[in-house]
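Asks: Single-letter residue listing:
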Amino acid sequence: MPPAGPTRTEPAEKQAPAKQGREAAAQRAEGERRQAPARPALKALLRDLGTQVRQGGSPSQPPAPCATAIPAVDELLGGGFPRGGLSEIAGPFSSGRTSLALALLARTTSTEGIAAVIDGADAFDPASAASAGVDLDRVLWARAPRLREALRCAERVLEAHGFALVLLDLAGAGPRIAPATWPRLSRAAAATGTALVVLSAQRSTGTAAALALETAPARARFTGTPAVLEELEIRVSLVRHRAAPGARGIRVRLPASRAA
Amino acid sequence: MNDLPLAAELRAHPELSDRPVVVASGPGPRAEIVAISPEAAGRGVRRPGSVAHARAVCPELCVRTTSPAVESAARAALLDAALSCTPRAVLMPPCAGVYAAEAAVLLDASGTAALFRSEAGFAAALCARARALGLPGNVAVASSRSVAHLAARKLRPEGPDAVHVLPTGAEMAFLAPLPIDLLDPDDALAEALTRFGVRRVGQLLALPRRGLGLRLGPRALELIARIRGEATEPPLPVPRGARLVEAVDLEAPVDRLEPLAFALQGLLSRLRARLAARHLACGDLAVTLVLEGGGRDARRIGVAAPTLDLRVLVRLLRHALEARPPAAPVEGVALETEGRAVREGQLDLFRPAGPAPSVLSRTLAELESLCGRGRVGAPRIADDPREDAFELGPFQPAPRTAPRRAAGGAARTPAVRALRPPVRAQVRVSRNRPEAIRSAVANGSVVHVAGPWRTTGGWWSRDERFAYDCFDVETSDGTVARLRFDHLRKTWHIDAVYD
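The listed protein sequences correspond, in order, to chains F and E. Counting from 11, one number per residue, gives the positions in the first sequence under our numbering. Counting from 92, one number per residue, gives the positions in the second sequence under our numbering.
Heads up, a few of these hints could be off.
Taking beta-carbon pairs under 10 Å as the criterion, some of the chain F residues facing chain E (in silico) [unchecked claim]: (1) F103; (2) L110; (3) A140; (4) R153; (5) V167; (6) H171; (7) P189; (8) A190; (9) T225; (10) A230.
These are computed hints drawn from the structure, not numbers from a lab. Predicted model only: the values in this text are computed from it and were never measured. Think of the CB as a built atom: it goes at the ideal place given N, C-alpha and C, for glycine as much as any other residue.
Construct all of the structure, not just a fragment, from the sequences and the given hints.
Replies: As structure tokens, then:
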């Protein structure tokens, strides 16, 4: 123990910065004490706002995929259709591709934001979409007269930013599209974080698609007296998944939509 | 603006602004020169003279021909510049004689102090806005219209002399030394005044009115009233409507899209500048192409949302021309639009995530140009019993005020893929039910059938009435479709596929 000696008093010039530092620390502590009850209130507010407001997250986290709300399909896809990428659903008539697309559209418009349907086949049916749970007010429907206009519409919509989902319905026009089109659309989707999903009769996007499904009809169920069409059973095959390679398939009974 | 023909041509062709340019009264080497640019004047070109004489003096001279359409657009642009400063403005009618090349606009500057702080600020702003639209000119502010008009005639279009504010009470002192020519009297009156030795405005004002009226008639008294600002002046009107027209005559007929698009881009940029000056946006465009041989190609291009985005407007025009090229080479182009107010939307914290309103408007305009009018929007279920009825409404996603719930109900049907137009089918019927189908969509025997469901309506009108039976069928090729029998036409169609 050092001997006690006379107390040294530091000069005033050296005392001032130390005093300022103590005061600043005291102010910070006071500020944190005042904010402490506000943080639970802030969390409660964000919870009440639901999906309309997101608290800032790490920019390195990949965005959540667009789910279809069909559990078997979402599980097959690993969560849903990827955002910022090109996906494809290919299949003939009555193979369920439209039902999958409407389920995706319903989920997106009810939770995420707005979607666009670029209808190169002029096949979108509003009544059926409403029955599937699609919020029609949040859907932009562009009835393109020809294939070229449909592709241009898709580019314009992607350039606009802000659409959570863009459905590009090309019917049977897939093989007639130039191969360079798909990488360009894929890049546009990646730049905006939009999920671009192409509906076609035959696979045409090639390796530009991050994910590709092939659908085929399995069985149509008519029930009741008098008989009514109740549901479609389809086969869904995952033929391409950039993040999880390996083909696999499932049979899905499509959730029949409710009549509007 | 002292030289309308020259200003109008340079406004339509800004690439000529640094070159020696003259405007001739017509085509050919014997045409009279109407206007001369400063560069041409510096090279020795003078008025009066013919085009041939001017070319002899200045071989690299650029000769333009007067164009009523271009001059009319320039006059209208002058009015737009005026209306950007005040809501009350009117174009003065064209003059004759010495001031035939003049274009003037009268404005009511009262009530603009809050915007421009002073009359000098108002005049400077007006001069600058007119110059921005390609119309250099003079601005004079006075207590009466006639005095302001006379004062503006005296000013020079360049430098600080382009703007002048006459203090109240100083008008006579300003006008007194000016020549009588500024008043633009008719030839007989001018000759009479010259004979009397009256060459300045002050000398005219010094003459007794009664004697002047007795000797020279009421025209002389009107001149006096104009100088003194005593003429009866009704209030300036507030123009109704905002119909803007821009036109240009091409130097040579154009039969390719690229040079035509270049000319259209110039028109659009001038139109856009005028709309911006009046805080308006471009609505639907009416395009008139003057074709070689005298024909006209008039078309209307819809703009889904008012926009000032030049890129969008150029794209709209290009798409329209690519879709339907003109039938003959184009000699002239005119664009007309109705300016529409741009409603700024306030961003909403609870608005669904999406493009900014201005970007969305632009995108909608482009989509409509690609798809056609009435084919872009938000889908709606029509109040119509027919299965394939639908409507398209404006796409305006609004924040959701209540949590969305799944609709309740009993009937459940798979998703439908519409076929537009419906596909004709050949159907073999047994016991009033389809037994086999042949069509481009579904073929084979009918494995399952549900229905019929009868739908009728429009019975009050011969053209609108309909009656058909719908069946849900599954054919042996695996297709599940909606089959329809039209009772009026006795035909079978497939109008949708369950998918």
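Asks: All hints are to be evaluated individually against the structure, with a verdict given for each.
Replies: Now for the hints, and whether the structure bears them out:
no. : hint : in the structure
1   : F103 : holds (5 Å)
2   : L110 : holds (9 Å)
3   : A140 : holds (6 Å)
4   : R153 : holds (4 Å)
5   : V167 : holds (6 Å)
6   : H171 : holds (6 Å)
7   : P189 : violated (22 Å)
8   : A190 : violated (20 Å)
9   : T225 : holds (9 Å)
10  : A230 : holds (5 Å)
In summary, the structure is inconsistent with hints 7 and 8 from the numbered list given earlier, while agreeing with the others.
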